[in-house]
Each structure stands twice: as C-alpha cells, then as structure tokens.
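Peer 1: Take a look at the letters that make up each chain.
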Amino acid sequence: MAKLTIPAQELMYSGHAACPGCGASLSMRLLLKGLGPRTVLSLPACCWTVIGTPYPTTALGVAALDNPIEATGASISGIRAALDAMGQKDVNVVGFAGDGGTADIGLQALSGMLERRTNAIYVMYDNEAYMNTGVQRSGATPEGAWTTTTPTGHGAMGKPEPKKDVMGIVLAHHPVYAATLNPSFPEDFDKKVEKAREIVGSRFFHILAPCPPGWRFSSEQTIAMGRLATDTGVFPLYEVDHGVYRITRKTGELKPVAEYFKAQGRFNHLKAPDIEEIQLRVRADWQKLLALERGG
Amino acid sequence: MPKMVLSGNSAQAYAAKLARVQVASAYPITPQTSIVEKLADFVATGELKAEFVKVESEHSALQVVVSAAGMGARTYTASSSQGLLLMHELLHWAAGLRAPIVMGVVNRAVAPPWNIGADHTDTMSQRDTGWIQFYAESNQEVLDTVLIAFRLAEHPEIRLPVMVTEDAFYLSHTYEPVDVPDQSVVDKFLPPREPHAVLVPGVPSRLGSFTGPDRYVDFRYELSHAMDRVLKVLREVEDDYRRATGRHHGGPIATYRTEDADAILLTMGTATTTARGVVDDLRTAGHKVGLAKLRVFRPFPEDAVRRLAQSVDRIGVVDRSYCYGPRGAAASEVCASLYGGSSHPLVTSFLAGVGGRDVTPGEIRRMYEALLNGAGAETRWQDIAEEEVGADG
Numbered sequence: 001m002a003k004l005t006i007p008a009q010e011l012m013y014s015g016h017a018a019c020p021g022c023g024a025s026l027s028m029r030l031l032l033k034g035l036g037p038r039t040v041l042s043l044p045a046c047c048w049t050v051i052g053t054p055y056p057t058t059a060l061g062v063a064a065l066d067n068p069i070e071a072t073g074a075s076i077s078g079i080r081a082a083l084d085a086m087g088q089k090d091v092n093v094v095g096f097a098g099d100g101g102t103a104d105i106g107l108q109a110l111s112g113m114l115e116r117r118t119n120a121i122y123v124m125y126d127n128e129a130y131m132n133t134g135v136q137r138s139g140a141t142p143e144g145a146w147t148t149t150t151p152t153g154h155g156a157m158g159k160p161e162p163k164k165d166v167m168g169i170v171l172a173h174h175p176v177y178a179a180t181l182n183p184s185f186p187e188d189f190d191k192k193v194e195k196a197r198e199i200v201g202s203r204f205f206h207i208l209a210p211c212p213p214g215w216r217f218s219s220e221q222t223i224a225m226g227r228l229a230t231d232t233g234v235f236p237l238y239e240v241d242h243g244v245y246r247i248t249r250k251t252g253e254l255k256p257v258a259e260y261f262k263a264q265g266r267f268n269h270l271k272a273p274d275i276e277e278i279q280l281r282v283r284a285d286w287q288k289l290l291a292l293e294r295g296g
Numbered sequence: 001m002p003k004m005v006l007s008g009n010s011a012q013a014y015a016a017k018l019a020r021v022q023v024a025s026a027y028p029i030t031p032q033t034s035i036v037e038k039l040a041d042f043v044a045t046g047e048l049k050a051e052f053v054k055v056e057s058e059h060s061a062l063q064v065v066v067s068a069a070g071m072g073a074r075t076y077t078a079s080s081s082q083g084l085l086l087m088h089e090l091l092h093w094a095a096g097l098r099a100p101i102v103m104g105v106v107n108r109a110v111a112p113p114w115n116i117g118a119d120h121t122d123t124m125s126q127r128d129t130g131w132i133q134f135y136a137e138s139n140q141e142v143l144d145t146v147l148i149a150f151r152l153a154e155h156p157e158i159r160l161p162v163m164v165t166e167d168a169f170y171l172s173h174t175y176e177p178v179d180v181p182d183q184s185v186v187d188k189f190l191p192p193r194e195p196h197a198v199l200v201p202g203v204p205s206r207l208g209s210f211t212g213p214d215r216y217v218d219f220r221y222e223l224s225h226a227m228d229r230v231l232k233v234l235r236e237v238e239d240d241y242r243r244a245t246g247r248h249h250g251g252p253i254a255t256y257r258t259e260d261a262d263a264i265l266l267t268m269g270t271a272t273t274t275a276r277g278v279v280d281d282l283r284t285a286g287h288k289v290g291l292a293k294l295r296v297f298r299p300f301p302e303d304a305v306r307r308l309a310q311s312v313d314r315i316g317v318v319d320r321s322y323c324y325g326p327r328g329a330a331a332s333e334v335c336a337s338l339y340g341g342s343s344h345p346l347v348t349s350f351l352a353g354v355g356g357r358d359v360t361p362g363e364i365r366r367m368y369e370a371l372l373n374g375a376g377a378e379t380r381w382q383d384i385a386e387e388e389v390g391a392d393g
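If you're matching them up, the sequences are chains A and B in order. The first sequence maps to residues 1 to 296 in our numbering. The second sequence maps to residues 1 to 393 in our numbering.
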C-alpha cells in the first residue's frame with residue numbers, strides 16, 4: 001500500500017457551494033491540508049466568495065477576510081503587517097484569488113506585494129475565465145477558447161489573443177519561490193505547499209483549476225482534464241526556488257494537445273490546423289522550460 | 001506639555017505617533033507627502049514602533065490598513081484629492097467592516113484642471129461612504145482631533161473609520177505653535193485598541209462575506225445606529241480630552257458671537273479664522289453678526305444647526321467646494337436640517353475659496369453684507385470675474 005503523504009486534516013468542509021467537479025474547491029482543500037489551521041486567507045471577489053458560503057456560515061476551517069477583487073496583494077501585505085506588529089510569527093498569510101482578479105484587475109496589487117517582499121503566499125487559482133460572473137474572458141483565457149465574451153461562429157474563433165504569462169510576470173519580480181500546481185497531482189501539489197510553507201518571503205502559486213461548466217466538460221472528468229493539461233505540456237508542473245527551475249513532472253513524450261482540446265466544449269470549434277499551431281507552440285514552450293531547468 | 005512649531009502635516013504625524021499606531025500605509029500625493037515622510041522618519045528612528053507599508057497606490061494603502069484593522073491593529077493612513085478618490089471603493093469597505101481606521105486628509109482640489117490648492121470637493125465626494133468627517137481650523141486642532149478620532153473610532157458603540165481633514169497649504173504647510181501632549185497623557189486618554197469582531201489566527205471565521213437580502217440590511221441598519229451615536233459619544237470623548245489636556249474645540253459646531261446675531265456665517269476649516277476677525281471688526285462697527293464653525297460634517301449635526309437657527313434670521317453657509325447641486329454641500333445639509341425644525345432662517349449658499357483661491361477678509365465681509373442686505377435663499381459664487389469666465393466659455 002502506498003504511503004499516505006497528504007495530511008489527513010480537513011480544513012474545508014462539506015456544505016460548500018461549489019459546482020460539482022470544481023477544480024477551485026479541490027485546490028482550496030489541498031492547499032489548507034498542507035498549510036494547516038494557523039492560516040489567514042484573503043479572498044477577493046471570485047468563485048470562492050460564493051463557494052465559502054454566506055454569512056453567518058463558513059466552509060473553511062481557518063480565518064478568512066474578504067477584499068475587493070483587485071486588492072488581494074495589498075490585503076495580504078496588511079494582514080502580515082498587523083501580525084508582525086502584534087508579534088504573531090507562526091501564521092501563514094495567503095491570498096487566494098482567481099485568474100481575473102490576478103492577471104487582470106489585481107496585477108498592480110500583486111506586483112506591489114511582490115516588490116515589497118511581503119512574507120505571504122499569493123495563489124492564483126486559474127480557471128481561465130471570469131467563471132463566477134458566468135464565463136467571460138480574462139487575460140488568462142487561452143487562445144481559441146470560447147467564452148461568453150469571445151463567442152464562436154460566423155468566422156469568430158473564440159479568444160484571439162494568447163494567454164497572459166502570469167508566471168513570467170511574477171518571476172520578473174524574483175520571488176523566493178514560485179510554482180505551478182495542479183490538483184490532479186495531489187502529491188506534487190502538497191509537496192509544493194509544504195515546501196513553500198517553510199520559506200519566508202513572497203511566494204506564488206499558479207494553480208490550474210479545471211471548471212466543468214466553463215470549459216464545457218462533464219463534472220466527473222475534472223481530474224482527467226487536469227492530468228491531460230499537464231501531460232500534454234499545456235500546463236507543465238515546475239517550481240522556481242530562489243531562481244532555480246525544476247520541472248516536477250516529466251513523462252517522457254508529451255501527449256498530443258489534441259487530446260486535451262477535443263475533450264472540452266470550449267475548444268469544439270477549433271480545426272486540426274488550429275490545434276496543430278497550438279501544438280507547435282506548446283512543444284516550443286516545453287523546450288524553453290527544459291532549457292531553463294538546465295540553467296540556460 | 002512641550003510646545004512645538006508644527007505644520008498641519010507634522011501635527012498629523014505626531015498625533016499618529018502619540019496614538020501608537022501599529023500599522024500605517026500610504027502613497028505619496030501633494031500636499032500630503034510630508035505626513036508620510038515624517039511617519040517614515042518616526043518608524044526609521046524607532047520613535048514609533050509600527051509597520052509602515054509603502055504601497056503602489058492609494059487603493060492599496062487603504063486596503064493594507066483595512067486588512068490590518070481586520071486583524072485587530074490600530075491603523076492610520078493619509079491622502080488627498082485624486083488619491084482619496086481612488087480610495088473610494090475601499091472607503092466603503094472600511095466602514096462596512098467597521099474598521100476603526102483614522103485617515104488624515106489634506107483637502108485639495110480635484111482635476112481637471114489640475115490644481116493642488118485647498119478645496120473640500122475631495123472629501124465632500126466621500127460623504128456617503130460611512131466615514132466620520134472632521135474639518136480642522138488650526139494645526140492644534142489637527143493634532144487634538146486625530147487623537148480624539150482614534151478614541152471615537154474604536155469606541156465600542158461606534159467602531160467606524162474617521163477622516164480628519166485640513167486645508168491644503170493653509171494648514172498642511174503652514175507652521176504654528178502646537179501643544180504636543182506628553183505620551184503618558186495620551187496613553188491614559190487612548191489605551192490600546194480593544195479588538196472587536198476581528199480575525200484571530202486559528203479560529204475559523206470570516207469577515208466581510210456575502211449575504212442575501214435577508215441579512216444585508218441588518219448590517220446597514222446597525223451601521224446607521226452607530227453613526228447616530230457618534231455625536232453623543234464625541235461629547236464624552238471631548239470632555240475626556242479636555243480633562244487630559246485642557247483643550248476643547250467646541251463640539252460639532254463651535255459658535256462665536258452668535259448671541260443676538262442678525263446674520264451668521266457657517267464656515268469649515270481655515271476660512272473660519274479669517275471670518276472670526278471679520279466678525280470682530282463688524283461687531284465693532286455695530287453690526288450684529290456671528291460665526292459658526294462646522295467641525296463635524298458626518299454625521300451632520302442636525303440638532304446643533306436647529307439650535308443655531310432659533311436665534312437668527314439669516315444664515316450664510318460657506319462651502320469651499322463645488323458639488324454639482326443647486327447649492328453647496330454643507331448648505332444643502334443645513335437646509336435639510338432646518339426643514340421640519342421650528343425655525344426657518346433664510347439660507348444663502350456661498351461658494352468661496354474653490355481650488356485654493358484665498359478667502360479674504362474682504363470676501364467674508366461681502367458675504368456678511370449680502371446677508372445683512374437681504375440676500376435670498378440662493379447660491380452665490382464669490383470672487384468671480386464674470387467677464388473673464390465668459391471669455392473661456
């Protein structure tokens with residue numbers, strides 16, 4: 001029997017309001033397992049505003065503060081400053097923001113927090129669109145994806161622009177630790193959380209959070225979808241620890257991206273040549289990542 | 001009690017230090033910058049043991065102190081004009097979370113056109129955000145009011161954020177002798193914050209989560225009651241402050257020679273000092289005029305206005321702002337307060353000193369003359385050269 005490495009403690013409870021198969025709720029569950037109860041969360045407007053359940057209930061076993069959508073970076077700086085001023089050293093401070101609240105409207109506050117070297121973990125859980133408001137495109141929506149504001153048909157091919165490179169933006173601030181996480185690989189996920197927990201300084205997680213209603217796949221397929229994202233190279237798993245790259249999942253040959261794209265309704269309209277173009281780019285990005293890992 | 005020569009901005013910073021602020025955060029904007037610089041010095045030299053978070057915007061500055069206050073810390077920030085406007089969203093958050101933040105605001109004109117002169121439009125635009133608003137006349141009043149503001153903000157019956165404003169340059173960059181109370185006096189007047197409804201690490205809880213129509217209104221209703229209690233609690237706090245320091249600035253409306261007056265001007269901020277001199281001159285010349293200084297704009301002191309109205313037929317309200325209405329912001333409040341009261345003096349709305357234009361003794365004198373000569377319930381822009389305005393359309 002395999003050794004159980006993921007903490008048994010549960011700090012996210014049943015009764016939450018997530019959709020079936022929600023990657024964001026799985027991500028929260030795994031994150032809190034790794035961080036433990038002495039964690040203070042800052043939650044901007046995002047799916048988790050609702051998932052966490054309304055006043056006076058909460059689905060979270062930790063203290064959580066709500067903040068407006070664009071201010072998560074500042075909020076965690078404020079929480080940490082208060083804890084420092086009051087002499088409380090053993091607390092994890094975590095901002096848990098969506099991709100819109102991070103890559104778009106929250107980018108300034110994130111940059112400020114990273115530049116200030118705030119001792120906190122900023123999490124972008126990335127479901128690749130404004131899902132809480134009903135699937136509008138964000139800067140993190142991938143090229144070609146259908147959303148309600150990047151429709152298809154009549155020659156329209158979904159979002160025309162490529163996905164914003166948030167990890168690249170974050171790494172340009174030289175945080176002590178940044179990593180990509182995927183709840184479909186819980187052991188890797190937990191290892192990164194527990195590692196980051198012990199580091200002092202600004203830390204960043206980019207979590208891929210598959211979204212059945214937004215990506216148009218059946219809710220029992222969430223884990224499979226996350227696995228495909230990584231094993232096709234669309235969402236590689238890696239960490240940058242004090243500037244040193246390490247890819248944390250390698251499976252030899254990448255699977256064809258077509259397997260990932262054909263499994264989701266949001267990419268239904270893409271034709272073989274479109275997917276081939278994406279395939280070339282994913283391969284090139286993977287090679288770049290390998291080179292970064294080699295120190296190149 | 002040492003007397004120091006301080007600018008209004010230094011008075012803000014000294015008061016924040018005396019209040020033993022635990023977390024401060026700010027973004028620089030003219031003419032607020034010397035508050036930030038002084039605070040940075042206090043923290044760097046260890047005179048103030050606080051976390052000073054330097055941020056990339058005013059929006060983030062207010063979020064930092066909102067979140068820090070949500071953890072139980074005593075917090076302070078300062079801003080002005082455009083910066084305050086950028087904070088607007090967070091102003092609502094601060095009040096909604098019942099965060100007892102104190103903010104120094106240097107009243108400055110709002111663009112366009114760019115202008116850094118004294119003007120109350122910035123704070124008047126924030127009157128509906130749930131913040132208590134004080135307007136100060138002198139640097140002494142700035143320092144005293146910031147200390148009073150912390151006691152008021154953290155009072156268990158209130159728990160609301162407070163703005164303490166000062167006129168750009170007339171106070172912010174003008175030096176006056178200021179009595180700075182000893183730390184021991186302030187410590188006794190203002191003990192450490194007793195946190196209420198804050199987050200505690202390790203305790204599952206949530207601050208600021210969403211509610212449906214079934215609960216939302218309850219929060220607003222409670223907030224309105226807290227606001228209703230402010231003037232009563234302020235009376236107690238200011239009495240305490242007088243016991244501690246010997247100083248009292250006259251409650252929400254401080255009157256000067258209003259007894260038997262035929263006409264009263266109601267002013268805010270530094271225009272008051274000028275008007276006081278004019279009142280003396282006019283009284284000497286035999287004119288029965290008086291002055292009322294409006295110190296608290298939110299909550300608006302309706303009862304005090306009604307009391308003032310009982311003894312006078314004409315009130316002129318001097319607004320150092322323009323708020324796109326039929327009359328000045330304070331004049332509108334005065335009119336609304338009088339409606340339903342037993343006494344109905346005519347209220348003339350004077351708009352003066354907008355964008356840093358000096359409110360001169362001559363201008364004040366002309367306002368009194370207009371009142372005494374029977375100005376109606378109208379709005380008058382003071383000190384405008386019509387022919388020049390016409391040239392620009």
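Be careful, since some hints might not be right.
[What the hints assert, rightly or not] Simulated DEER-style distance windows between Cβ atoms:
#1 G153/A / P113/B: 28 to 38 Å
#2 S224/B / G153/A: 46 to 56 Å
#3 A17/A / H225/B: 24 to 34 Å
#4 H92/B / S111/A: 18 to 28 Å
#5 P112/B / H174/A: 52 to 62 Å
#6 K195/A / P191/B: 53 to 63 Å
#7 A197/B / H174/A: 34 to 44 Å
#8 A336/B / T57/A: 38 to 48 Å
#9 P112/B / A17/A: 16 to 26 Å
#10 R127/B / S219/A: 42 to 52 Å
[Said to hold, decoys possible] The list that follows gives simulated cross-link-like pairs (lysine-lysine, DSBU-like), each with its CA atoms no further than 30 Å apart:
#11 K191/A / K255/A
#12 K271/A / K191/A
#13 K89/A / K164/A
#14 K191/A / K164/A
#15 K89/A / K49/B
#16 K3/B / K89/A
#17 K262/A / K195/A
#18 K255/A / K288/A
#19 K3/B / K49/B
#20 K250/A / K89/A
#21 K191/A / K288/A
#22 K54/B / K164/A
#23 K54/B / K89/A
#24 K188/B / K3/B
#25 K3/B / K195/A
Worth flagging that the hints you see were computed from the coordinates, not collected in a lab. Computed from a predicted structure; not experimentally measured. Even glycine gets a Cβ: it sits at the ideal position worked out from N, Cα and C.
Peer 1: Just pull the numbers of the violated hints for me, sorted ascending.
Peer 2: Failing hints, ascending: 1, 5, 6, 9, 12, 13, 16, 17, 20, 25.
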